[in-house]
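Peer 1: In order, the protein sequence lines correspond to chains A and S. All letters in the first sequence, in the order written, are residues 1 to 243 by the working numbering. All letters in the second sequence, in the order written, are residues 1 to 243 by the working numbering.
Keep in mind that the hints were calculated from the coordinates and are not lab data. It should be emphasised that the depicted structure is a prediction, and the values quoted were computed from it without experimental measurement. For glycine and all other residues, C-beta sits at the position ideal for the given N, C-alpha and C. Since no wrong hints were added, every one of them can be taken at face value.
Just some of the chain A residues that point at chain S, by a computed CB distance under 10 Å: (1) 13; (2) 57; (3) 80.
Here are the simulated lysine-lysine pairs, DSS-like style, with alpha carbons at most 30 Å apart: (4) A:178 to S:239; (5) S:7 to S:54; (6) A:177 to A:138; (7) S:126 to A:133; (8) S:93 to A:133; (9) A:178 to S:76; (10) S:178 to A:76; (11) S:178 to A:239; (12) A:54 to S:7; (13) A:7 to S:178; (14) S:177 to A:76; (15) S:54 to A:178; (16) A:178 to S:177.
Given next are the chains, with one letter for each unit.
Protein chains: 2
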Amino acid sequence: MKRILLKIAYNGENFHGWQKQEGVRTVQGEIESAIYNAFKSHCQVFASGRTDAKVHAIAQQAHFDIDDGVPTNKIKTILNRILPLDVSILSAKKVKNDFHARFDVKSKTYLYKVYFGERNCFLSDKVGVVYEKPNLEKIKEISQIFIGEHNFKGFCSSQTSSQDFVRTIYKIEIFEKKSYLNIEITGSGFLMHMVRILVGTMLDYSLGKISKSRIEKALVEGKRDLSGRTMPPQGLYLKKVNY
Amino acid sequence: MKRILLKIAYNGENFHGWQKQEGVRTVQGEIESAIYNAFKSHCQVFASGRTDAKVHAIAQQAHFDIDDGVPTNKIKTILNRILPLDVSILSAKKVKNDFHARFDVKSKTYLYKVYFGERNCFLSDKVGVVYEKPNLEKIKEISQIFIGEHNFKGFCSSQTSSQDFVRTIYKIEIFEKKSYLNIEITGSGFLMHMVRILVGTMLDYSLGKISKSRIEKALVEGKRDLSGRTMPPQGLYLKKVNY
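Generate the whole structure from the sequences, applying the supplied hints.
Peer 2: Written out as structure tokens, the structure is:
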């Protein structure tokens, strides 16, 4: 057996997220069934982490084990021929047998696309829409208070099963381009809805809806009702997984 | 009562087409329910014609009747505030009470977006994908045999309920741009799947899969098995309705 690491892009719109569940369409489900169809091997595919329903991936990573006889350099082409058009294998490479796509993650980068332009029905599944132009300078300013190691319990869905809320944010970069504000957040790991709440909090701050002291309090006291809104999943992209 | 004509754009991806049906999401259903929420008026919205599941509209048109007291110049804004983001009202104007969005159609223009570029999961719900670069000159050449009045029974789904298959095609324009071939067809009206079959036939001809004489025979004999493949709905856009 050898271990293969896949780099995968997907359009989250018609998926109930990454993780396989009975009776719904998931990215893991599609990939495992493509591997079975291609190589007649029932295997489990382990991703760097799950993504929620409607969340996209520019470069998710996931590993699985397969018979040594399967030619590594053909896996990408063979799987893409079988997979539906809303999932793409970007690359497939052999990794060490003790490599783990989830446990070996050093950091991840998420991109959130905020759209403040004219109503456009053809974009609605690819962006998070806001109705006022966000203030770039205020967002850049407030983003700095999240950098470093913090307890992010106040920036996490109450439905999470996580017990440990401490994460490190290494970098937040913000780019304005035409009617988009692209916010890229790199961190050691992310809690349930954490990126969407961080972005919502920065936007609410930039619109004067919540104060800096309240956000600081949310970081210290870990209360979800102190932080900002949860942005919709359609604007969120898993951009990079670093090992 | 006054009659209002709406110009509407929608992303067909998550709609079971225009026409209202029990238990599924449709554009007509969303618009009628927005009108009810906004104006407390149960009314029926009549479109220029239905579009199939997953087919988009850049500018569908549809009329409905509403109390004279509703301010015409506010209808667009009010409905857009209620409607989900994948449908947009582009304009709303008062028309004569005997105007009919379907019966008064003079011609319609459909756009089909053929994509022959690299696999891209973020485009898959907006284009019809082909795996070979189509031959622009051959498509331009064969498109000419459809111009004029013909019996299009051979270019229509067998599931149609139409009895009269005669339609006039006024114009077919083809634009190549980067990895797209945009095909625009203007005609008096279109049968079920007709645009998708016309485009599929032109593509099959350009790839040498079917001959010109076979296509001419399909036009004369009206047999569906003589014409080309049906392209997927995702690439089809209702672009313009002319009254």
